[in-house]
Amino acid sequence: MNERKKLLEVNDLQTTFFTDSGEIPAVDHVDFYVREGEVLGIVGESGCGKSVTSLSIMQLVPSPPGKITGGEILFEGQDLLKKTEKEMREIRGNDVAMIFQEPMTSLNPLFTIGNQMSEAISLHQKKWSKKQIKERAIEMLKLVGLPRSEEIMKEYPHQLSGGMRQRVMIAMALVCDPKVLIADEPTTALDVTIQAQILKLMRDLNERMNTAILLITHDLGVVAETCERVVVMYAGQVIEEAPTEEIFENPCHPYTRGLIQSVPDMRDKKDRLYSIPGNVPKPGSIDKGCRFAARCESAFSRCWIETPELYRNSENHQTRCFLYDEQEGVTNANEQTTVKS
Amino acid sequence: MQMNKPLLRVEGLKKYFPIRKGLIGKTVGHVKAIDNVSFHVNEGETLGIVGESGCGKSTTGRTIMQLLEPTEGVVEFQGKDLTKLSANEIRAVRRDIQMVFQDPYASLNPRHTIGKILEEPLIVHGGGSAKDRRKKVVEFLRIVGLSEYHAKRYPHQFSGGQRQRIGIARALMTNPKLIIADEPVSALDVSIQAQVLNLMQDLQKEFNLTYIFIAHDLGVVRHISDRVAVMYLGKIVEITESEELYANPLHPYTQALLSAVPVPDPNYKKEQIIIEGDMPSPANPPSGCAFHTRCPFKMDVCTKITPVLAEEKTGHSVACHLYTAEGNDDIERKKQLEGSV
Chain A
1 MNERKKLLEV NDLQTTFFTD SGEIPAVDHV DFYVREGEVL GIVGESGCGK
51 SVTSLSIMQL VPSPPGKITG GEILFEGQDL LKKTEKEMRE IRGNDVAMIF
101 QEPMTSLNPL FTIGNQMSEA ISLHQKKWSK KQIKERAIEM LKLVGLPRSE
151 EIMKEYPHQL SGGMRQRVMI AMALVCDPKV LIADEPTTAL DVTIQAQILK
201 LMRDLNERMN TAILLITHDL GVVAETCERV VVMYAGQVIE EAPTEEIFEN
251 PCHPYTRGLI QSVPDMRDKK DRLYSIPGNV PKPGSIDKGC RFAARCESAF
301 SRCWIETPEL YRNSENHQTR CFLYDEQEGV TNANEQTTVK S
Chain B
1001 MQMNKPLLRV EGLKKYFPIR KGLIGKTVGH VKAIDNVSFH VNEGETLGIV
1051 GESGCGKSTT GRTIMQLLEP TEGVVEFQGK DLTKLSANEI RAVRRDIQMV
1101 FQDPYASLNP RHTIGKILEE PLIVHGGGSA KDRRKKVVEF LRIVGLSEYH
1151 AKRYPHQFSG GQRQRIGIAR ALMTNPKLII ADEPVSALDV SIQAQVLNLM
1201 QDLQKEFNLT YIFIAHDLGV VRHISDRVAV MYLGKIVEIT ESEELYANPL
1251 HPYTQALLSA VPVPDPNYKK EQIIIEGDMP SPANPPSGCA FHTRCPFKMD
1301 VCTKITPVLA EEKTGHSVAC HLYTAEGNDD IERKKQLEGS V
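So the protein sequences, as listed, match chains A and B. Per this note's numbering, the very first residue in the first sequence carries number 1; after that it's consecutive. Per this note's numbering, the very first residue in the second sequence carries number 1001; after that it's consecutive.
Because the hints were derived from the structure by calculation, they are not lab data. Cβ atoms here follow ideal geometry from the backbone N, Cα and C, with glycine treated the same way. Treat the hints with caution; some may be incorrect.
Straight-line C-alpha distance at most 20 angstroms; calculated SDA-like pairs for lysine to any residue [unchecked claim]:
1) B:K1313 to B:P1266
2) A:K282 to B:S1242
3) A:K269 to B:G1127
4) B:K1269 to A:P264
5) B:K1270 to A:L174
6) A:K269 to B:R1153
7) B:K1177 to B:G1127
8) A:K269 to B:K1177
Far from chain B by the CB rule (all over 12 angstroms, computed), these chain A residues [said to hold, decoys possible]:
9) E9
10) V222
11) E249
12) K269
13) E309
Here are the computed distance ranges between Cβ atoms for each label pair [claimed, not checked]:
14) A:G77 to B:E1148: 52 to 62 angstroms
15) A:F18 to B:H1125: 18 to 28 angstroms
16) A:M88 to B:D1202: 46 to 56 angstroms
17) B:D1103 to A:K269: 35 to 45 angstroms
18) A:F18 to B:L1023: 46 to 56 angstroms
19) A:Y156 to B:L1023: 17 to 27 angstroms
20) A:Y156 to B:F1207: 29 to 39 angstroms
21) A:T112 to B:L1067: 35 to 45 angstroms
22) A:F111 to B:G1012: 39 to 49 angstroms
23) A:E139 to B:A1325: 30 to 40 angstroms
24) A:K270 to B:K1116: 33 to 43 angstroms
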């Protein structure tokens, strides 16, 4: 499994928003990669920079005020940040496609589904005839499990339900067989039964077409059911990265642990939920020390002075916490696990 | 917790919204937002109401509060039928029934300080001298985990979680007996959600409150509720103790709903029932059982006769033909049963 090639690599990415009240580093030295055919999840709470990261990959960060100020985004070895806008347009859709949270606002209300699907296809397949384009559009709508796809071609977005709109968005994103699909909170606006349908569809497409998926979400349940590997973000940084099973069985960063414990479990009832004290800090408000220190139960003096790096605790598990820095010794980490259990 | 004295009894509650068309606004039909809903809430308990968007759970809350005038039915609070009271009498009753809303951004007046927002219910309901009122504001700010100096601030200066605490404090100002909380945590991040849920549980113990907790998140509802009602298309399809509902769901919709929730544990293998299609429009509900268009156990009788909510075992009521005499007589059902033997 691990021998698959890295398809998309984000190295040391920095995206900053230049606002009247100062520079806000929304994405602060973020590294991760997506392998071929892999489903990678990025989890975090609102304001942690997960959406800005995905927009940066597509270079769709609203500018001004946003700007990618450093790092590189390698797709099949080529740096996307060095591409011109014209070259980028070729890559978007053909190689990397994206779907958004709001299926309502991502579709144009004034055009039929068929119109919008055809536009997406004709932009990338310039030599195709109208008939070919239409056939391809219908084929894609069938692929995402929309019944009566020929009629839907003639309908407007408002005539479809939220789940159907999201299916149309997925169909549109997949028309050119992209190698990577970035899905930014694709099921957040949907009801659970519809969410289950869409997640199943995404898993099926991933298996059948071998499309790598970068799934951005705040829902740990969605991650557990869909992703192979997880990146946890907090205040603009990656704070932990590991395979999904490892993250849930052996969460290392105190934030990840707190997050997993805060979710009310449907299977058994606890008297009291664990809750992380305090609030998510405003981006850019902490410039010294660990960004989680103020809310962390195991913070010690070093956390307030030095900034932790990502420490490797096993071959495929990294944590941004001094408890896993070898300098601190294993004792501290052990103490921590006993506290947890 | 088990005090079997009903504080609130709702019987045959209906709320139809007229659909008007044309110049003179002729009524051409009705959206049956809630259709014949009956339940009771005991003193000191929490009744959870779950369902997907558009199932009528919020309308139920608002109709109990008499913010919406019911089309038909009885809402009996402490022996008084609220639907028969005059506007003045209702205002007096609202001292005992308060509401907490979903969107903490929209439910606080942005031009008023927190002190003024919290004082308002006391002025409306005659809560002593200005000095007493201010004392009480400070007291309740402390109770919900805020400080005295917050009274001078405006809503925009608070985070979502803090605003929801203010919303809860405002509901508590008049010492109510019943609090109707409509999606109080769904706009909050997981770590903040846990804080607010814990606060609500603590307050319930301290002030002997009764809650009606309306939410779409089944994990949250299980955590906080003693009993749970599941709604689908304006009707209660199942109602029972929360433990019983999650361990032994009877209605096919409840079963599908429970299996659709993503569980934050990658090793948890569950049988996933994915129901097809979307919820039908409440303006044009299907004949018979409203769920028959999506139900995996659909029988002939389901399309013809509407099942009524009936007690299947002690304290566990369900509205489904799998458990009725008509259902047992159904030919398809007999065939299914023979097939399974």
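For each hint, the structure was consulted:
Only pairs whose Cα atoms come within 20 angstroms are accepted, and K1313 (chain B) paired with P1266 (chain B) is rejected, the gap being roughly 34 angstroms. Our distance criterion of 20 angstroms between C-alpha atoms is broken by K282 (chain A) and S1242 (chain B), whose separation comes to about 38 angstroms. For the suggested pair K269 (chain A) and G1127 (chain B), the alpha carbons sit about 39 angstroms apart, so the restraint of at most 20 angstroms is broken. A C-alpha spacing of about 18 angstroms is found between K1269 (chain B) and P264 (chain A), which places the hinted pair at or below 20 angstroms, so the restraint holds.
A distance of roughly 30 angstroms separates the Cα atoms of K1270 (chain B) and L174 (chain A); the hinted pair therefore is violated under the 20 angstroms criterion. Among the hinted pairs, K269 (chain A) with R1153 (chain B) is inconsistent with the structure: their alpha-carbon atoms are about 37 angstroms apart, more than 20 angstroms. At most 20 angstroms may separate the alpha-carbon atoms for a hinted pair to count; K1177 (chain B) and G1127 (chain B) meet this at roughly 16 angstroms. Of the pairs offered as hints, the one joining K269 (chain A) and K1177 (chain B) is violated, with about 25 angstroms between alpha carbons and a cut-off of 20 angstroms exceeded.
Non-interface call for E9 (chain A) relative to chain B: holds, since the shortest CB-CB distance, roughly 25 angstroms, exceeds 12 angstroms. For V222 (chain A), the non-interface assignment is contradicted: its Cβ lies about 5 angstroms from the closest Cβ of chain B, within the 12 angstroms cut-off. For E249 (chain A), the condition that its CB be more than 12 angstroms from all CB atoms of chain B is violated, with the nearest at approximately 8 angstroms. Residue-level check failed: K269 (chain A) sits 6 angstroms from the nearest beta carbon of chain B, not beyond 12 angstroms.
The beta carbon of E309 (chain A) is kept farther than 12 angstroms from every beta carbon of chain B, the shortest such distance being approximately 24 angstroms. At roughly 60 angstroms, the beta carbons of G77 (chain A) and E1148 (chain B) sit within the given window of 52 to 62 angstroms. A hinted range of 18 to 28 angstroms for the beta carbons of F18 (chain A) and H1125 (chain B) is inconsistent with their spacing of about 49 angstroms. Our hint of 46 to 56 angstroms for M88 (chain A) and D1202 (chain B) holds, since their Cβ atoms are close to 53 angstroms apart.
For the hinted restraint 35 to 45 angstroms between D1103 (chain B) and K269 (chain A), the CB-CB distance of approximately 28 angstroms leaves it violated. Restraint check, F18 (chain A) to L1023 (chain B): a C-beta distance of roughly 53 angstroms satisfies the suggested window 46 to 56 angstroms. Separated by about 25 angstroms at the C-beta atoms, Y156 (chain A) and L1023 (chain B) satisfy the suggested range of 17 to 27 angstroms. The hinted range of 29 to 39 angstroms is not satisfied by Y156 (chain A) and F1207 (chain B), whose Cβ atoms lie roughly 51 angstroms apart.
With their beta carbons about 39 angstroms apart, T112 (chain A) and L1067 (chain B) fall inside the hinted range of 35 to 45 angstroms. Evaluation of the 39 to 49 angstroms hint for F111 (chain A) and G1012 (chain B) yields a pass: the beta carbon distance comes to about 46 angstroms. Look at E139 (chain A) against A1325 (chain B): about 48 angstroms separates their beta carbons, and that is not inside 30 to 40 angstroms. With their beta carbons about 38 angstroms apart, K270 (chain A) and K1116 (chain B) fall inside the hinted range of 33 to 43 angstroms.
Hint compliance for this structure: hints 1, 2, 3, 5, 6, 8, 10, 11, 12, 15, 17, 20 and 23 are broken, all remaining hints hold.
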